[in-house]
Amino acid sequence: MTDDLRKQAIEVLSKQNSHGDSADTDKSLYEMRVHQIELELQNQELASRQEELIVLKEEYENLFEAAPGGYLVLDECGVILKANQTSSEMLCTPRGKLMHKPFVVYLAPQDHVSFFGAVKEAMLGSRDTVRRLRIPNRDGEISYIRMQLRLLKREPRVELIASMTDVTDLAVAQLRLEEAEKRQRSIIQNAGLGIVVIDNRGYHIDVNETFCTLTGFTREELLDQGPPFPYWPRNILDSLRMDLIQLLAQGSAQLETTLQTKDGREFPASVTASSILNPGGAPRAFICIVQDITELKDANEKLVAAKEAAESADRAKSRFLANMSHEIRTPISGIMGMLQLTLSTRLDDEQANYLHTAMDSAKGLLTVINDILDFSKIEAGRMEMRREPVHLKQLVRSVTDAFANQAAMGRVGLSYTLGNTLPDCIEGDDGRLRQILNNLISNAVKFSEKGDVRVGLWDLGYGSGSGTRLLLTVEDSGCGIPDDALTRIFDSFTQADNSFSRKHQGSGLGLNIVRGLVRMMDGSLCLESESGKGTSIYVSLPVRIVQEKESCTEESKPAAPAQPVANGRIRILLAEDNLVNRTFASRLLGKLGHDVTAVANGYDALQALREQQFDCVFMDVQMPGLDGVEATRMIRDGEEGLPKDIAIVAMTAYAMKGDKECFIDRGMDFYLSKPLDMDELHSVLAKVRQRMESTGS
1 MTDDLRKQAI EVLSKQNSHG DSADTDKSLY EMRVHQIELE LQNQELASRQ EELIVLKEEY
61 ENLFEAAPGG YLVLDECGVI LKANQTSSEM LCTPRGKLMH KPFVVYLAPQ DHVSFFGAVK
121 EAMLGSRDTV RRLRIPNRDG EISYIRMQLR LLKREPRVEL IASMTDVTDL AVAQLRLEEA
181 EKRQRSIIQN AGLGIVVIDN RGYHIDVNET FCTLTGFTRE ELLDQGPPFP YWPRNILDSL
241 RMDLIQLLAQ GSAQLETTLQ TKDGREFPAS VTASSILNPG GAPRAFICIV QDITELKDAN
301 EKLVAAKEAA ESADRAKSRF LANMSHEIRT PISGIMGMLQ LTLSTRLDDE QANYLHTAMD
361 SAKGLLTVIN DILDFSKIEA GRMEMRREPV HLKQLVRSVT DAFANQAAMG RVGLSYTLGN
421 TLPDCIEGDD GRLRQILNNL ISNAVKFSEK GDVRVGLWDL GYGSGSGTRL LLTVEDSGCG
481 IPDDALTRIF DSFTQADNSF SRKHQGSGLG LNIVRGLVRM MDGSLCLESE SGKGTSIYVS
541 LPVRIVQEKE SCTEESKPAA PAQPVANGRI RILLAEDNLV NRTFASRLLG KLGHDVTAVA
601 NGYDALQALR EQQFDCVFMD VQMPGLDGVE ATRMIRDGEE GLPKDIAIVA MTAYAMKGDK
661 ECFIDRGMDF YLSKPLDMDE LHSVLAKVRQ RMESTGS
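Heads up: the sequence shown begins at 1 in the numbering used here, then just goes up one per residue.
Keep in mind that a hint or two might mislead.
Under the rule of at most 16 Å between Cα atoms (straight-line distance), these lysine to aspartate or glutamate pairs were calculated in the EDC-like manner [to be verified]: (1) LYS393 with ASP292; (2) LYS660 with GLU639; (3) LYS262 with GLU209; (4) LYS82 with GLU65; (5) LYS644 with GLU661; (6) LYS533 with ASP459; (7) LYS7 with GLU40; (8) LYS120 with GLU65; (9) LYS644 with ASP669; (10) LYS153 with GLU221; (11) LYS297 with GLU327; (12) LYS182 with ASP206; (13) LYS393 with ASP452; (14) LYS153 with ASP75; (15) LYS393 with GLU449; (16) LYS7 with GLU51; (17) LYS660 with GLU680; (18) LYS120 with GLU76; (19) LYS533 with ASP430; (20) LYS101 with ASP75; (21) LYS7 with GLU45; (22) LYS687 with ASP645; (23) LYS262 with ASP292; (24) LYS101 with GLU45; (25) LYS297 with ASP263; (26) LYS262 with ASP314; (27) LYS7 with GLU65; (28) LYS82 with GLU159; (29) LYS687 with ASP659.
If you are wondering where the hints come from, they were derived from the structure by calculation, not from laboratory data.
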């Protein structure tokens with residue numbers, strides 16, 4: 001720089017002395033002149049540089065002030081030497097008050113150490129000293145800044161430049177994310193189920209303690225492990241690989257599989273997996289919830305076994321009831337049949353009275369059997385309700401009239417009242433409605449020693465469309481029910497008086513059956529009673545009214561007493577293994593004017609059909625050797641010499657719900673249950689006669 005100025009000074013002096021002789025000039029004067037010119041040039045250079053520095057300083061000041069971020073100049077102790085407007089706004093303090101204050105006074109106390117550490121790093125020359133610091137304001141809210149510190153100069157004093165950026169939104173979002181991750185981590189670690197997180201390549205990125213406990217592997221042993229996983233049993237690796245491929249492809253899966261522990265013990269597991277999506281909607285990871293279902297499987301197996309055992313017991317119970325019904329009905333049928341035959345002979349009054357009493361006892365026993373069967377079906381939920389037209393007025397009249405003699409003998413009045421708006425016909429189960437009314441009237445008459453029994457049926461008018469609700473009442477002035485017995489009067493096999501000295505006998509099933517039937521009809525039942533004054537029972541039933549008059553005609557009157565057929569005898573083959581029932585049925589059908597051939601089993605029946613011509617077969621179902629069902633099958637198959645189209649009547653003591661349909665499906669044409677009902681017998685014989693006439697036989 002000095003040499004350049006001297007050269008410039010000499011050139012200037014040479015131009016000034018161009019017309020003189022430089023050799024004559026005094027050397028010292030010459031040097032002084034050169035030095036003077038050199039100083040002048042230097043002053044000019046300095047002035048020019050000073051102007052440039054002023055411009056640069058102004059530009060720097062403008063940039064410093066206009067910078068979008070906050071800028072501070074700090075000394076080595078972190079004291080603020082200079083601040084721009086943005087930093088003043090960020091620190092919520094006028095610039096004048098910022099000067100010469102330690103920067104840490106604006107920081108949260110927990111960030112002081114971090115700030116001084118950054119100052120120390122910057123003093124050592126680090127150019128990447130960055131901190132995230134918290135600045136609380138007067139309202140207690142926290143702002144977050146990102147500060148980068150660099151050494152600006154060391155002489156004549158140390159100065160550091162600090163650039164600050166407001167990152168509050170980013171910091172809050174990051175904190176929320178961290179909190180969410182902490183919650184997720186806490187949930188995963190404290191969940192009662194095993195949790196495994198794998199990435200989209202199938203590698204473990206997280207597992208919880210529960211899963212480690214399930215499998216016996218530590219977290220460190222499983223992290224970064226790819227398939228095949230160590231808890232996969234080797235014998236089903238291919239299957240588990242396919243499950244994993246399906247999960248990675250579909251994003252979710254739910255399956256039952258088998259896993260193994262570190263010591264090789266296998267256990268059944270339920271795995272439910274779902275995907276964790278990235279912002280673009282693609283799976284970035286998968287979370288799998290794993291549950292050891294050993295106890296669940298054991299409990300389920302026990303439940304299935306218990307269910308099968310219960311169903312087996314229920315089937316055994318049904319078979320037992322069916323067999324008991326058959327075995328009891330068979331001798332009762334014989335008893336009642338022989339009593340009927342005896343009553344048709346010449347008897348004196350005393351003998352007739354004895355036989356009628358025996359017949360009533362047999363009917364009573366049959367009622368008990370029917371009650372027990374109905375109770376069992378209701379208890380098992382196997383009672384089925386028919387939907388058929390029911391003539392209400394005829395139903396009440398016929399059931400009430402049936403108790404007229406019993407009431408008269410007990411000197412009890414019996415009457416019924418029908419509401420004016422009572423519909424003529426409803427849809428329901430005629431037999432079960434009769435059973436409800438029959439049981440209620442029977443109890444009322446039985447427990448009334450004086451006074452009267454009043455039966456009523458009214459239409460309450462509740463319902464929509466063709467529906468309505470009926471109210472059935474049965475009131476008596478009998479002995480009533482004590483308060484302590486009201487809670488158990490509807491229990492099975494229970495009466496109000498259970499002592500050995502009670503006056504009235506019975507199975508104690510009547511009201512229990514009534515309650516069961518009413519519930520099955522979606523109805524309700526209410527009882528009011530006062531000991532010594534009588535009992536009132538109210539039954540409310542929802543029903544549907546049948547509008548078509550032709551669908552509900554008056555029930556036919558009871559058939560007239562059996563009369564011998566005047567002409568057209570029916571040739572009947574009777575197959576019955578029980579001697580008493582065979583004798584009764586043969587005599588009864590004979591008295592009705594028909595030709596009867598009786599055999600004791602299915603083989604003899606088939607042989608008789610091959611040797612003689614008959615119009616129909618009365619076939620018992622249960623017989624030794626060849627039963628009635630199998631004999632019917634052989635007849636319908638038209639085996640050699642057998643008339644495949646002959647009419648077959650099932651005559652059996654199997655009288656439970658569905659038995660009739662079962663035997664008809666097996667090829668029989670008609671059905672009669674034991675003990676024989678004369679009306680049903682005449683109806684079947686009429687159908688056989690009609691069939692004979694239509695076929696011209």
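Against the structure, the hints:
For the hint linking LYS393 to ASP292, the alpha-carbon distance of about 65 Å lies beyond 16 Å, and the restraint is violated. Restraint check: the Cα-Cα separation between LYS660 and GLU639 comes to about 25 Å, which exceeds 16 Å; the hinted pair is violated. The hinted pair formed by LYS262 and GLU209 meets the criterion: a straight-line CA distance of about 15 Å does not exceed 16 Å. For the hint linking LYS82 to GLU65, the alpha-carbon distance of about 11 Å falls within 16 Å, and the restraint holds.
A threshold of 16 Å between alpha carbons decides the hint, and for LYS644 with GLU661 the separation of about 20 Å lies outside it, so the pair is violated. Simply put, LYS533 and ASP459 have alpha-carbon atoms about 27 Å apart, too far for the 16 Å limit, and the pair is violated. About 13 Å separates the Cα atoms of LYS7 and GLU40, which keeps this hinted pair within 16 Å; it holds. At roughly 26 Å between alpha-carbon atoms, LYS120 and GLU65 are farther apart than 16 Å, so this suggested pair is violated.
Proposed proximity of LYS644 and ASP669 is supported: the alpha carbons are some 12 Å apart, at most 16 Å. At most 16 Å may separate the alpha-carbon atoms for a hinted pair to count; LYS153 and GLU221 exceed this at roughly 53 Å. About 44 Å separates the Cα atoms of LYS297 and GLU327, which puts this hinted pair outside 16 Å; it is violated. As the CA atoms of LYS182 and ASP206 are separated by approximately 13 Å, the hinted pair is consistent with the 16 Å bound.
Restraint check: the Cα-Cα separation between LYS393 and ASP452 comes to about 21 Å, which exceeds 16 Å; the hinted pair is violated. With a C-alpha separation of about 10 Å, the suggested pairing of LYS153 with ASP75 holds against the 16 Å cut-off. With a CA separation close to 27 Å, the supplied pair LYS393 and GLU449 exceeds the 16 Å bound. Distance restraint check for LYS7 and GLU51: the Cα-Cα separation of roughly 24 Å exceeds the 16 Å cut-off, and the hinted pair is therefore not satisfied.
Only pairs whose Cα atoms come within 16 Å are accepted, and LYS660 paired with GLU680 is accepted, the gap being roughly 13 Å. Straight-line distance between C-alpha atoms of LYS120 and GLU76 comes to about 8 Å, which keeps the hinted pair within the 16 Å bound. In summary, the hint linking LYS533 to ASP430 is not supported, as the alpha carbons are separated by about 32 Å, beyond the 16 Å threshold. Of the pairs offered as hints, the one joining LYS101 and ASP75 holds, with about 11 Å between alpha carbons and a cut-off of 16 Å not exceeded.
A threshold of 16 Å between alpha carbons decides the hint, and for LYS7 with GLU45 the separation of about 15 Å falls inside it, so the pair holds. In summary, the hint linking LYS687 to ASP645 is supported, as the alpha carbons are separated by about 15 Å, within the 16 Å threshold. For a cut-off of 16 Å, the pair hint linking LYS262 to ASP292 stands: about 15 Å separates their Cα positions. Restraint check for LYS101 and GLU45: not satisfied, since their Cα atoms lie roughly 40 Å apart, outside the 16 Å limit.
For a cut-off of 16 Å, the pair hint linking LYS297 to ASP263 is broken: about 22 Å separates their Cα positions. Of the supplied pair hints, the one linking LYS262 and ASP314 is violated, its CA atoms being roughly 46 Å apart against a limit of 16 Å. As the CA atoms of LYS7 and GLU65 are separated by approximately 44 Å, the hinted pair breaks the 16 Å bound. For the hint linking LYS82 to GLU159, the alpha-carbon distance of about 10 Å falls within 16 Å, and the restraint holds.
About 20 Å separates the Cα atoms of LYS687 and ASP659, which puts this hinted pair outside 16 Å; it is violated.
In this structure, the earlier hints numbered 1, 2, 5, 6, 8, 10, 11, 13, 15, 16, 19, 24, 25, 26, 27 and 29 are contradicted, and the remaining ones agree with it.
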